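Chemist: Listed here are the chains, written in short residue letters.
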Amino acid sequence: MSGHWPPEWDDPEEEFPEGADQADTDAEARLSEVSAYLASVPALVLPDAVESRISAALAAEAAARAERPDPADSAPVDGARNLGPAPAQARVRRRRGSDGPRRRFRVRPQVVGGSLVTCLLLAVLGFALSHAGFSSSSSSATAGSAAAASSASASSAAGASVPSAAGAGPQHAGPGSPFVVTASGTKYQRATLAEQVRSRLAVNGGKQTFSATVPAASASATSAAAVPSQALRGCVLKLTGGTLPRLVDRATYEGEPAYVIATASRIWVAGSGCTAAKTEVVASVPLAS
Amino acid sequence: MSGLASGEPSDAILLRRHAAGDADAFGVLFRRHKDRLWAVALRIACDPDDAADALQEAMISAFRRAGDFRGESAVTTWLHRIVVNASLDLLRRRSARSVGWSGDPDDLPVPESPPGVDSAASIDSRLDVDAALRTLPPPQRAALVLVDMLGYSVADTSAILGVSEGTVKSRCARGRAKLLPYLAHLRGDFPERGNQAVADGVPSEQGGGA
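Chains A and B supply the protein sequences, listed in that same order. Using my numbering, the letters of the first sequence map in sequence onto residues 1 to 289. Using my numbering, the letters of the second sequence map in sequence onto residues 1001 to 1210.
Label pairs and their calculated CB-CB ranges:
#1 B:V1028 to A:P286: 50 to 60 Å
#2 A:V203 to B:S1153: 55 to 65 Å
#3 A:A43 to B:S1164: 22 to 32 Å
#4 B:A1155 to A:A43: 18 to 28 Å
#5 A:V45 to B:A1177: 27 to 37 Å
#6 A:G241 to B:D1130: 25 to 35 Å
#7 B:P1181 to A:V281: 28 to 38 Å
Quick list of in silico lysine-lysine cross-link-like pairs, BS3-like style, CA-CA up to 30 Å:
#8 A:K278 to B:K1034
#9 A:K278 to A:K238
#10 B:K1034 to A:K238
No lab work stands behind these hints: they were computed from the structure. Treat the numbers as computed from the prediction; the structure is a model and nothing was measured. Yeah, the Cβ is synthetic: ideal placement off N, Cα and C, and Gly gets one too.
The following block holds chain A by itself, in its conformation from the complex:
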């Protein structure tokens, strides 16, 4: 798992484990004390809020799977399908390249075909909605992008190491989210930022389209909404001071991926890695009515 991350993560000597065995006895004893101390640190417990959120996301996944059975999900696991070992191992093997026989990707036509059809349908749906007005079905318009982001993130977690489109973490649905995220694809510019945001808001008739809390019990609803990640939620609420945003749009600003966030009175442009701890504000201007 080396050579695939920022250079500062690498330890140039880590491939020489012999060094670890050559430590003198005293040093070894002191390192054992560190080991024992770390082992004594109390175990952590998953917070209820996080458990609820993940359980809701899994319920949404289960609901989606029930509605649209995926051949990949329903295939037997008794070895009939030789898809390779667990993800991390597969990733390592792909990187080794020169020192062994390369594994070829086995492209399954039915999966590729299904994905292409799904992508085409989502593209057509998004195009139609963007021209028909966002109105009350804006959450559906974002479903495609949410699903895409979710899929990319999940693939990455499983070892495919696909970078997320916006670098903003997962967009899975979660319970109790106070707003949703659109992905309009608008190319916001510094000179016209306020005007562009007003246009986006005007599409919704000036209403607070994104204020509906996603009910945790509604699995299908959560699966259809582009609910922000916890990090993005923290970012937005930090910027707005807890005020519900009227717009959270994943787009570009001056050509760079960004989130455009607006309340009734102000606009913020934040970098795609925005969190509560580091908001990465690129621009902030008043939203004059």
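We have chain A already, so just place chain B on it with the hints.
Modeler: Structure of chain B alone, referenced to chain A:
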């Protein structure tokens, strides 16, 4: 969770049920291991929000890819591997944030030597451990967390991280050496030598691999 109560399905059975369409099986699996998986994500990510994102991403991924599991390792090893990958991927994507890894140990807050053992000192000690862990490069941190804090064997950690056992040993040794200066003032609190069996036992006992 070192053993299953009578009648409880093993992890492998739950995963098979999930792959076969059982809507509840994966949830049971998640709840069974959630605390350990959370510990892995949080210790590697060093940030609760990031850890929550990574864990959710990992669980969705595992949910979708259960059909890929062939039983060559324990189910928990497979789950941990996905969580580790998700956590490292998230850190990689957010590497601009540095996630506490400055490379400069002087940035670490080193509290004054505690005059005695009290609750404040205990909290300080835990904070020291968290702060000290942040000084390690994430791959090294992951190895140390799995082996020293969660009690996984080097072999299991090797399987989880997808690196050789030698690399795991090396990362752990180097990580401990780096942590030593920051934990030295806690030596009076150090327990007797030897790893305690942290949390829920070892993964190979958890019904995987069947």
